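Colleague: Just need the whole structure built from these sequences, with the hints factored in.
There are 2 protein chains.
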Amino acid sequence: MHETPARAREGDPTIEDVAAAAGVSIRTVSRVLNKSPKVNAETRQRIEAAIAALRFRPSARARALAMRRSFLIGLIHNDRNALVLDSIQRGVVALTAPRGYEVIVHPTPLETEAAIRDVLGFVERSRVDGLVILPPVSGVPGLAEALAEAQVPVTALSSVPIAGFADVIVSEERAAGAQVARHLLDLGHRRLGIVNGPADTASAMERRAGFIEEATRAGASVAEAPGDYDFASGVAGAEQLLARAERPTGIFAANDIMAAGVLKVAAVRGIAVPGGLSVVGFDGSLLTRMLSPALTSVLRPFGDMAAAAAERLIARIEGGEAPPPFEVELRVVPAESTGPAPSV
Amino acid sequence: MHETPARAREGDPTIEDVAAAAGVSIRTVSRVLNKSPKVNAETRQRIEAAIAALRFRPSARARALAMRRSFLIGLIHNDRNALVLDSIQRGVVALTAPRGYEVIVHPTPLETEAAIRDVLGFVERSRVDGLVILPPVSGVPGLAEALAEAQVPVTALSSVPIAGFADVIVSEERAAGAQVARHLLDLGHRRLGIVNGPADTASAMERRAGFIEEATRAGASVAEAPGDYDFASGVAGAEQLLARAERPTGIFAANDIMAAGVLKVAAVRGIAVPGGLSVVGFDGSLLTRMLSPALTSVLRPFGDMAAAAAERLIARIEGGEAPPPFEVELRVVPAESTGPAPSV
DNA sequence: ATCATATATGGCATCGGTGTCAATGAAAAT
DNA sequence: ATTTTCATTGACACCGATGCCATATATGAT
Numbered sequence: 363m364h365e366t367p368a369r370a371r372e373g374d375p376t377i378e379d380v381a382a383a384a385g386v387s388i389r390t391v392s393r394v395l396n397k398s399p400k401v402n403a404e405t406r407q408r409i410e411a412a413i414a415a416l417r418f419r420p421s422a423r424a425r426a427l428a429m430r431r432s433f434l435i436g437l438i439h440n441d442r443n444a445l446v447l448d449s450i451q452r453g454v455v456a457l458t459a460p461r462g463y464e465v466i467v468h469p470t471p472l473e474t475e476a477a478i479r480d481v482l483g484f485v486e487r488s489r490v491d492g493l494v495i496l497p498p499v500s501g502v503p504g505l506a507e508a509l510a511e512a513q514v515p516v517t518a519l520s521s522v523p524i525a526g527f528a529d530v531i532v533s534e535e536r537a538a539g540a541q542v543a544r545h546l547l548d549l550g551h552r553r554l555g556i557v558n559g560p561a562d563t564a565s566a567m568e569r570r571a572g573f574i575e576e577a578t579r580a581g582a583s584v585a586e587a588p589g590d591y592d593f594a595s596g597v598a599g600a601e602q603l604l605a606r607a608e609r610p611t612g613i614f615a616a617n618d619i620m621a622a623g624v625l626k627v628a629a630v631r632g633i634a635v636p637g638g639l640s641v642v643g644f645d646g647s648l649l650t651r652m653l654s655p656a657l658t659s660v661l662r663p664f665g666d667m668a669a670a671a672a673e674r675l676i677a678r679i680e681g682g683e684a685p686p687p688f689e690v691e692l693r694v695v696p697a698e699s700t701g702p703a704p705s706v
Numbered sequence: 363m364h365e366t367p368a369r370a371r372e373g374d375p376t377i378e379d380v381a382a383a384a385g386v387s388i389r390t391v392s393r394v395l396n397k398s399p400k401v402n403a404e405t406r407q408r409i410e411a412a413i414a415a416l417r418f419r420p421s422a423r424a425r426a427l428a429m430r431r432s433f434l435i436g437l438i439h440n441d442r443n444a445l446v447l448d449s450i451q452r453g454v455v456a457l458t459a460p461r462g463y464e465v466i467v468h469p470t471p472l473e474t475e476a477a478i479r480d481v482l483g484f485v486e487r488s489r490v491d492g493l494v495i496l497p498p499v500s501g502v503p504g505l506a507e508a509l510a511e512a513q514v515p516v517t518a519l520s521s522v523p524i525a526g527f528a529d530v531i532v533s534e535e536r537a538a539g540a541q542v543a544r545h546l547l548d549l550g551h552r553r554l555g556i557v558n559g560p561a562d563t564a565s566a567m568e569r570r571a572g573f574i575e576e577a578t579r580a581g582a583s584v585a586e587a588p589g590d591y592d593f594a595s596g597v598a599g600a601e602q603l604l605a606r607a608e609r610p611t612g613i614f615a616a617n618d619i620m621a622a623g624v625l626k627v628a629a630v631r632g633i634a635v636p637g638g639l640s641v642v643g644f645d646g647s648l649l650t651r652m653l654s655p656a657l658t659s660v661l662r663p664f665g666d667m668a669a670a671a672a673e674r675l676i677a678r679i680e681g682g683e684a685p686p687p688f689e690v691e692l693r694v695v696p697a698e699s700t701g702p703a704p705s706v
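Line by line, the protein sequences are chains H and X.
The numbering of the first sequence is our numbering, which starts it at 363 and goes up by one.
The numbering of the second sequence is our numbering, which starts it at 363 and goes up by one.
Hint data in this document are derived by calculation from the structure and do not stem from the laboratory.
Among the hints, a few may not be true.
The list makes no distinction among identical chains, and a pair is therefore deemed to hold if it is satisfied within one copy or across any two copies.
[Said to hold, decoys possible] Once the Cα atoms are required to be at most 25 Å apart in a straight line, the calculated SDA-like pairs of lysine to any residue come out as:
(1) K397 with L427
(2) K397 with A382
(3) K400 with A677
(4) K397 with A411
(5) K397 with P375
Just so we're clear, the structure is a prediction, and the values are computed from it rather than from any experiment.
Modeller: What follows is the structure in structure tokens.
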């Protein structure tokens, strides 16, 4: 009687079958699989033919055991990433799959302690070779240190360098914030508003700083409202800004979701967009196209950023040359939600 | 000289360390790990203590090799799933993680041949124990047969049973379509419109059939426009419907994204929603809350459906009892985009 | 001709678990 | 007292690959 029910599809050829078919030892087949140069060209051909004939695929598991690597990469994400998860995942897989890695996903909560325990547990369980971590989880205080101690290679996406993470794909959020201000200024806006992201979030503060700096330099005023990247806070922020006596004619929301909230308030109050109010979001998510009017937003190339992160991670895992720093180009993509300032 | 650079974090305790610490053989430790009943209670305690003390985690890879199972589950998705991917992924992981499985994601194209080759290649490479496949990929002709031949356990999400897949989580799309019609009829609408999904998609045709059936039975008229689940086709469909002399007062779009397109056209044409036009979507995606007005939509509990799919998949893999059929309850969630028919 | 050197290949241990079957000892049956 | 039975545990092979080291053959140097 079995202690556990062993069930397996039979018949997958093994390296041994290939060796037999090609009339060599398994060790030589292994060399071919690992592209070792020390194999005679003719032998290699014979082995490759056998591999093709048998439709042999090396067992990633056996290999993992022998090499003490899992060829698995963990992608740590949070529900805040929902709107961009697909493109990020696609970017990571596009880069990892051809190099023989698979991607394990791990949704995680955001609260500091829970997140750290959760991620560490995941790493221990799954024995991934490395992690790609998305913001905002990448910014969880203490996470970098905990992972460093666990000695897991990590590449993080973030807006700012994070102490403790050796490898971070950073985007120039401050410059982007300035670019948004410039966009609105160029359209003639002089009374601006901003719905901020969470105050403890570096990305939000960077965007804010760039925006306010540029606006102030140009002599425009900036009214601020707090927000936390949620739709509801976008609504609340917009209401607060639009209730002012001298209401802003251009509002920058620190992400697309809050911008959607701003558009909603405009609709409810009967303020035409962009006739009476211009709105800019941030992320360039799926959402931008689906809102009416289509949202002007700062495009962040998530797929490319994710691919770059994966590339650097693999370089780190394999000890190869790190590819050159990835230059993330953020730019305002004008759509229908911004237009000339109303001539009051 | 090494042929490949072996890099490994040292120090992870193995089953052997645990056995030594507890003063038993590794085989007995293994029994504890696998919850075999044939272990003395006291011995078990001692071993569990040792496991805890050493913070031992069994190597999934070694286990996989010995048991001829990978404890990996593949999630096949497509960019059409972008808006609901997060909740689905969350649902699958919530169920698989506690049972010792990890989830590998695999984005795939949609074209018949490419998708089949792509998925088969993925299965061979990754040696997953099973697959969860999302629509529309689950409906790719020939895929079910190909996977059956490869003998991979599969559970699919779909709107209708799919020949060839033993296990499909089906939702009652036809009834849901009828429910949408009922919702609009109850609000007094008599001239209805529908923007369909792709004609070769079972889900779309089911939704259509239910909607038209119910509307016709109540003596309401239904104007139709083609669509393909894209935003642009929602726009085109709405334009077509609203250009009619007797334009519909209630429009059902077969998914949320097209419904967003309908809202957009309404906005452009200056038609008040829901004052002059009611709009209903389908999916209950993230989008519904972020549009203005908030979209009335048919909520599909993707997270629960995905969890149910994962549960059945694991049952199939482990040969256990299949859980009872999952009853997907679809229901219209009224929001701001539907209201009483204009009294013209 | 002899020895060093490089190239190509194979043998065997090993990675960290589980499967199979045998061994042990205590309790129950004869 | 002897045999049977059951519960518990261990020994050893094995899963399918790679690491390390040895070996055989060809090539060049002395």
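Colleague: Starting from the hint list further up, note which numbers the structure goes against and sort them upward.
Modeller: none
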